[in-house]
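Go by the hints and put chain D onto chain G.
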Amino acid sequence: MEKKKGGFIQWLDERLAINALMKIMMTEYYIPKNINFLWSFGVLIMLVLVILIISGLFVLMYYKPDAKLAFDSVNKTIMMDVEYGWLFRHIHAVGASIMFLVLFVHMGRGIYYGSFKPPREIVWLTGYLLFILMAATAFTGYLLPWGQMSYWAAQTITTLFEKIPVIGPDLVIWIRGNFIVEDATLTRFFALHVVLLPLLLIVFTGIHLYAVRIVGSNNEDGIELTKEEKKTKGIPFWPVFMSKEFFVMSVFLIFFFYLVFFQFHFAMDPINFTPANYLQTPPHIYPEWYFLAFYEVLRGFFFSQNLGLIAFVLSMFVAMFLPWIDTSPIKSGNYRPLYKIAFWIFVADFVFLTVLGKLPPTGLYGWLGFIGTLIFFGFFIALPIISKIEKKQIERGGNQ
Amino acid sequence: MAEEEKVTRRDFLLYAMGGWAAIGVGASLYAMYKTWEPLPEVKAQATVKFDLSEVQPGELRVVAWRGKPVFVLRKTPDMIKCPDRTVKDEYTVVIGICTHLGCIPNWEEDKKIWHCPCHGGEYDACGRNIFGPPPRPLAIPPFKIEGNTIVLGEEGPEYKKLMKG
Numbered sequence: 009m010e011k012k013k014g015g016f017i018q019w020l021d022e023r024l025a026i027n028a029l030m031k032i033m034m035t036e037y038y039i040p041k042n043i044n045f046l047w048s049f050g051v052l053i054m055l056v057l058v059i060l061i062i063s064g065l066f067v068l069m070y071y072k073p074d075a076k077l078a079f080d081s082v083n084k085t086i087m088m089d090v091e092y093g094w095l096f097r098h099i100h101a102v103g104a105s106i107m108f109l110v111l112f113v114h115m116g117r118g119i120y121y122g123s124f125k126p127p128r129e130i131v132w133l134t135g136y137l138l139f140i141l142m143a144a145t146a147f148t149g150y151l152l153p154w155g156q157m158s159y160w161a162a163q164t165i166t167t168l169f170e171k172i173p174v175i176g177p178d179l180v181i182w183i184r185g186n187f188i189v190e191d192a193t194l195t196r197f198f199a200l201h202v203v204l205l206p207l208l209l210i211v212f213t214g215i216h217l218y219a220v221r222i223v224g225s226n227n228e229d230g231i232e233l234t235k236e237e238k239k240t241k242g243i244p245f246w247p248v249f250m251s252k253e254f255f256v257m258s259v260f261l262i263f264f265f266y267l268v269f270f271q272f273h274f275a276m277d278p279i280n281f282t283p284a285n286y287l288q289t290p291p292h293i294y295p296e297w298y299f300l301a302f303y304e305v306l307r308g309f310f311f312s313q314n315l316g317l318i319a320f321v322l323s324m325f326v327a328m329f330l331p332w333i334d335t336s337p338i339k340s341g342n343y344r345p346l347y348k349i350a351f352w353i354f355v356a357d358f359v360f361l362t363v364l365g366k367l368p369p370t371g372l373y374g375w376l377g378f379i380g381t382l383i384f385f386g387f388f389i390a391l392p393i394i395s396k397i398e399k400k401q402i403e404r405g406g407n408q
Numbered sequence: 003m004a005e006e007e008k009v010t011r012r013d014f015l016l017y018a019m020g021g022w023a024a025i026g027v028g029a030s031l032y033a034m035y036k037t038w039e040p041l042p043e044v045k046a047q048a049t050v051k052f053d054l055s056e057v058q059p060g061e062l063r064v065v066a067w068r069g070k071p072v073f074v075l076r077k078t079p080d081m082i083k084c085p086d087r088t089v090k091d092e093y094t095v096v097i098g099i100c101t102h103l104g105c106i107p108n109w110e111e112d113k114k115i116w117h118c119p120c121h122g123g124e125y126d127a128c129g130r131n132i133f134g135p136p137p138r139p140l141a142i143p144p145f146k147i148e149g150n151t152i153v154l155g156e157e158g159p160e161y162k163k164l165m166k167g
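As given, the protein sequences belong to chains G and D, one line each in that order.
Per this note's numbering, numbering of the first sequence is gapless, rising by one per residue and ending at 408.
Per this note's numbering, numbering of the second sequence is gapless, rising by one per residue and ending at 167.
Excised from the complex, chain G in its bound form (with noise of 0.2 Å):
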């Protein structure tokens, strides 16, 4: 038995080179020891999209693209009639709702660790990317229930590009197949949000898993590890890491599948339960939790609409270019005194934007949303003058 197995794998090898695949992509990929339960979010974040994938494959095979049939294929067919079929959309809707979560967790692990520095940068970009590829895959999946703030939801921001000078509001029109939101638009949604942006997903999480293989794992104290160092001081991913991984991934399920059962109402909206409604606006539109924070940055800048989406861009894609603004060569926040201090303002100012962003506009809530954004760029604006006294430190042969 042993010997026909081991025939096979040798078969397979010597066309494939599957022993050299695993070696680099797992048995010979060293995981310093010096990392704490935040690390094991990556995988995480790779068990959620499988779950999405599958729960959005079966609740794909009774959905019905049309303006007229969506609504109904939704709350109807799957939620009523197909055996189970609430609970693959109810596991699609807080599976995608928890991604950003992990996502979040994962993401401010790398800036606190300084795990975007060289030579990381290309695990940095294309974990950004696949981040936006995310929010983008979630704008477009939202569309789909075809309810009243699905239907705002995408109203509203897609008229934002009518902001762009002068092909703004042709623009508007082109992405929307029609003047408003309307059937055109939701069968494109559709196939990108089904087809497209999955597959650009997939692709560019094979580019980060490789590229991280190549440069390794970063630790708390941002040490590098030499090759013979990981060898000797690391633990190889397969079997080792992820024989603890499995032990999160249960604990991660648990919580998971709570949400799924007993909680499953903040990914559903009420106001998504009645029809989409081109002449009826509801009193107050709001996006989903993870995307609060960058809309309270657009509604930040209440004085004017321009600055808002100017900024409200600014924010979605301006922690890309970390690598570039926080050029210290110290990498870990535990020996940033300064940058730990303003790591966790931005940490708490971001929560405040998410908070601020489910409430109205008016008032006291504008002037603290203004001063929450101006906080959230600050950061990004103090990490070079951080960046700039460390330096200093260092060449006068300060701490490290």
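Hints are computed from structural coordinates only; laboratory data are not their basis.
Everything numeric in this text was worked out from a predicted model, so none of it was measured.
Zero decoy hints are in this set.
Within a straight-line C-alpha distance of at most 30 Å, the following computed BS3-like cross-link-like pairs (lysine-lysine) qualify:
(1) D:K45 - G:K72
(2) D:K114 - D:K90
(3) G:K171 - D:K51
(4) D:K163 - G:K171
(5) G:K76 - D:K70
(6) D:K36 - G:K171
(7) G:K171 - D:K146
(8) G:K366 - D:K70
(9) D:K90 - D:K166
(10) G:K72 - D:K70
(11) G:K76 - D:K51
(12) G:K366 - G:K84
A few chain G residues facing chain D, derived, Cβ under 7 Å:
(13) G185
(14) I188
(15) Y286
(16) T289
Note that CB positions come from ideal geometry on N, CA and C, so glycine has one too.
Same frame as chain G, now just chain D:
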């Protein structure tokens, strides 16, 4: 010279193939771009004709234009006057979308105002914001006058005159 010619031959093939491929890619992109254009039946809705004489004095009609409601109000002499926002001396023609957050205001016959149910904004019979959060008057859609008929979606001289004033 001979050496250069050798390179040129290869370059020529490369540029020929590259150029041909670029044309192909460009043409494909253009075709893809065109598929996202509004369909003919949608484009047909770009302009809407409406007979103004149908409206009785004091009556409000709602015309659907590009998926938006357009309010056509035939004003009576006791209503507020505003030559710079009036079409054909007695009609108020405005897009019925609140300039605050995009809700649709309701006409209140007794008070002769539009009242927005969402955040309490109010507009007078000319569509000017008179109370609440709306930052601007209701927008006037581009129009053209052909006798008693108004064509929404085309810019006629009357519209341009209103916009200047």
